[in-house]
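Protein chains in written order, with the numbering used here: chain A, 1 to 373; chain B, 1001 to 1290; chain C, 2001 to 2290.
These are calculated hints, taken from the structure and not from any lab test.
Relax, there's no trap hidden among the hints.
Here are the in silico distance ranges between beta carbons for each label pair:
1) B:D1101 to A:S44: 30 to 40 Å
2) A:E29 to B:G1280: 52 to 62 Å
3) B:A1110 to C:E2055: 29 to 39 Å
4) A:Q158 to B:A1198: 16 to 26 Å
5) A:E196 to C:S2104: 41 to 51 Å
6) B:K1147 to A:T89: 52 to 62 Å
7) B:A1176 to A:G161: 21 to 31 Å
8) B:A1198 to A:E29: 30 to 40 Å
9) A:S33 to C:A2054: 50 to 60 Å
10) A:E29 to B:A1176: 28 to 38 Å
Residues from chain A that face chain B, not an exhaustive set, calculated with beta carbons under 10 Å:
11) R68
12) G92
13) G99
14) Q104
15) F108
16) F119
17) G120
18) A168
Derived pair list, reagent style DSBU-like, types lysine-lysine, alpha-carbon separation capped at 30 Å:
19) B:K1106 to C:K2204
20) C:K2071 to C:K2052
21) A:K236 to A:K195
22) C:K2052 to B:K1147
23) C:K2197 to C:K2103
24) C:K2103 to C:K2204
Source: prediction; values computed, not measured.
Virtual Cβ for every residue (Gly too), placed ideally from N, Cα, C.
Residue strings, one per chain:
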Amino acid sequence: MVSLPRAGGTNGIHDEPRHRQPVRIDVEELGKSFGSFTALNDVSLTVRPGELLALLGPSGSGKTTLLRAIAGLTATEEGTIRFDGEDATALGLRERRVGFVFQQYALFRHMTVFDNVAFGLRVRPREERPRAGEIARRVRRLLQLVQLEGLEHRFPSQISGGQRQRVALARALAIEPRVLLLDEPFGALDAKVRKELRRWLRELHTETGLTTIFVTHDQEEALELADRVVVMRAGKIEQIGTPAEIYEEPATPFVCEFLGGAARFEVEAREGETDVLGGTFPIESDAGYSGPAIAYVRAHEIEIVSREMAEGVPAVIRTVRPFGPTITVELSIEGRAERIEADVPRELYDGGEIKEGQGIFIRATSARIFPAG
Amino acid sequence: MTVPPSSAWTPRFGFRRSPSVLPGFGLTMGLTLTWLSLIILIPLAGVSIRSAGLGWEEFAMLAWDPRTVAALKLSFGAALAAAAINTVFGLLVAWVLVRYDFPGRKLVDAAIDLPFALPTAVAGLALTALCAPNGWIGSLLDPLGIKVAYTPAGVVIALVFIGLPFVVRTVQPVLADFDQDLEEAAATLGATRLQTIARVIMPALLPPLLTGFALAFARGVGEYGSIIFIAGNIPYRSEIAPLLIVIRLEEYNYAGATAIAAVMLVISFFLLLVINLLQGWNRRRSGLAV
Amino acid sequence: MTDVSLRTHAAFSSPVGERIRTRAALTVLALVFLALVLILPLAAVFTEALRKGAEPFFAALVEPDALEAVKLTLIVAAIAVPANLLFGLVASWAIAKFEFRGKSFLVTLIDLPFSVSPVISGLVYILLFGAQGFFGQWLAAHGIQIVFAVPGIVLATIFVTFPFVARQLIPLMEAQGTVDEEAALSLGATGFQTFRKVTLPNIKWALLYGVLLSNARAMGEFGAVSVVSGHIRGKTNTMPLHVEILYNEYNFVAAFAVASLLAFLALVTLVLKSALEWRYGGELAASGRH
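Same shape as in the complex, but just chain A (with noise of 0.2 Å):
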């Protein structure tokens, strides 16, 4: 359905003769209150120029005052934001030149997708205005690029949402911005159209390779999109790293919580070692903590051992989910009341080992742990 046109295909939207570098945006010491709430609290972040970056946190971590900060829709009371090294927070909304996707579009509902793609063009000072035939042909490359050839007529009561998603964005790149913006950009849509259009915004950044940061609040979608990933709570920075550094080495208990899919154990470490689920794993934030501890094992790092081996723990399977490649079974273990989530290979169930009520061993074959509090 959302198939893109090929990556460097003849239709890019700068194929006017300046074409521009992309911006590297710097945020210095960035904070922001409303009332008594702190959302931004001495943030600083450098967004590399071209790349396209992920703002991740739960609802009231900062990630969306931190994007319209940057878009300059949210005045801050401390701190600079600086497009190429060029202070922004002194630049107007206009001059800033932003191309600002939100959250459910915020399409004019009384202009027809033409209308709304044009807008950006038409508000333009006289001077610098393009002649209507030139907005027109800037207009109809747009919707081909997007993908909406034979909507210009239509109103965004009369497209479905991926659509509508589409024309904001096309309204958002008419205006060339220096930098893209976009607030929760599939939030709004349901689970398949979601799929399609990630994929087919990671192959529009390809073809602009404009600076492009986006919000959301779903791990999986920042991990697969992003080249790298701002993880936020509570008005800070807890982690920023490639997608690949964020999950193998979450910085914090928060950030490892925050991705899910993880059984988080209380245990006691001696001298930056602890054992867990029949393993020992060093602490390697902190070598030589003694004291209490968190652990963190996911499903793929539990293995099923043979009862002959001493490490292993007993548990008993509750649930099988045998859809996939491999198979999910929820465990009970000993003093535990919540159950914990195994993947096993496929082979085992087919073999016939894997079944609900059966009682196996199991073992850690990795975790990360923290030093609690």
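Once you have looked at the hints, place chains B and C on chain A.
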């Protein structure tokens, strides 16, 4: 649950209804229509029967009597002018009340409904006292040679008072519901504040503004109590149509009164139709989810 | 959705809105306009009433004709308001809880009195029951007097306040749907029990709101009542009519004294109305026009 077909059809009233398990449709609908007919419909029908009884020529003679025409012109003209003034200031007031925060905002908001609550005669009395040559406002205007009381201008002033809440109260909810994302979107796309207001906000406010205008206008045309004190009621100059009806009635000239009433009713019904269409438009425009 | 609520809160200090000076100028302009149009007339009523001090003020209020006018006003409201309350309940049950063709037409008919000049509302009863009216001779033969008597005043008042309760209830009851009632019926309640124990509690504040507005209009109505009353002092004079008579007799202090009583009533209505809106806004549905 199945409903016998007989209960889904109420031939007495000619209203076909969809099946429902709730009781009492026949009873309540019957009472509604009876009461409505007795209080509103039959008495109003009396006016049309009366005017039909006049015959076309007599009706035309009565309706086109120069004094009647002057009174109708004044009623409609002043209502139009006041509705126009109220559209401008009503928009301003609604905008300030919805968008800006200032001390006492809730109080001011509550005060908007004063013209709805204040008896029209009291309003008329008060405005006359203000605008008379020795009143607070009149004494300021009098040296400038501006006369408000006992002139058509006084009629307009009374109608501005009466009509203001109609515009404010129609515009206010639409403005409050207006999605601020749209304004921000326009701003990020490079629109100036004036461009945003003209191209993005005003199109959404147009239906409620027109509705408010029509409501204020309709009310102004028929207004009586607040005007008769301030207007001075000089025939051909500051005499409004409803007052002329009263005068004809006092002369026991029922035919003359009926003719004026018929003309006003026809125009009012037309206005009512327009208002309903506008409100439908309003709902559709604001109901579209985007 | 903390993000969303924060944003609406932040929207007023957002870089998108008008500049602070523009805001201040517009706010001042709106407030000056409202002070001129709404507050000044209200102040004038009380100032004029107390111009000669408290004694003539109270004398005007306790004078027998004034007391008779107060009494008649209370009697008229005591009949008209419950009548419209009952009608409002019955009509909104039939209209809001059932689906049938012609519904919007019926609602338009109920709204008719809003679009008709109050003078015409009085006129229609003269045409029916006056000496030259359709039933005039028959009534005279049987010694029944309707116009220029209390029944006419009550009828005209019912006419002008007809839509108040119904139009408050219909949108609210439509929004509430029929699920609650269906649940009650399925649990074995009778139709009337369902109405009393399920429907009524859901609409009580809106009902009170409608009654409040209807009462304010009933006590303050001037045009319609003026036409049917005959202005017989101490007999068919309501308070607004008494104000007019006093004013026409150049007894200004007394006129404004009675007027200030009505203005006070309007203020009480506004306070109660605002209290209902602030406290039970969600249960009143859109109040719309009155």
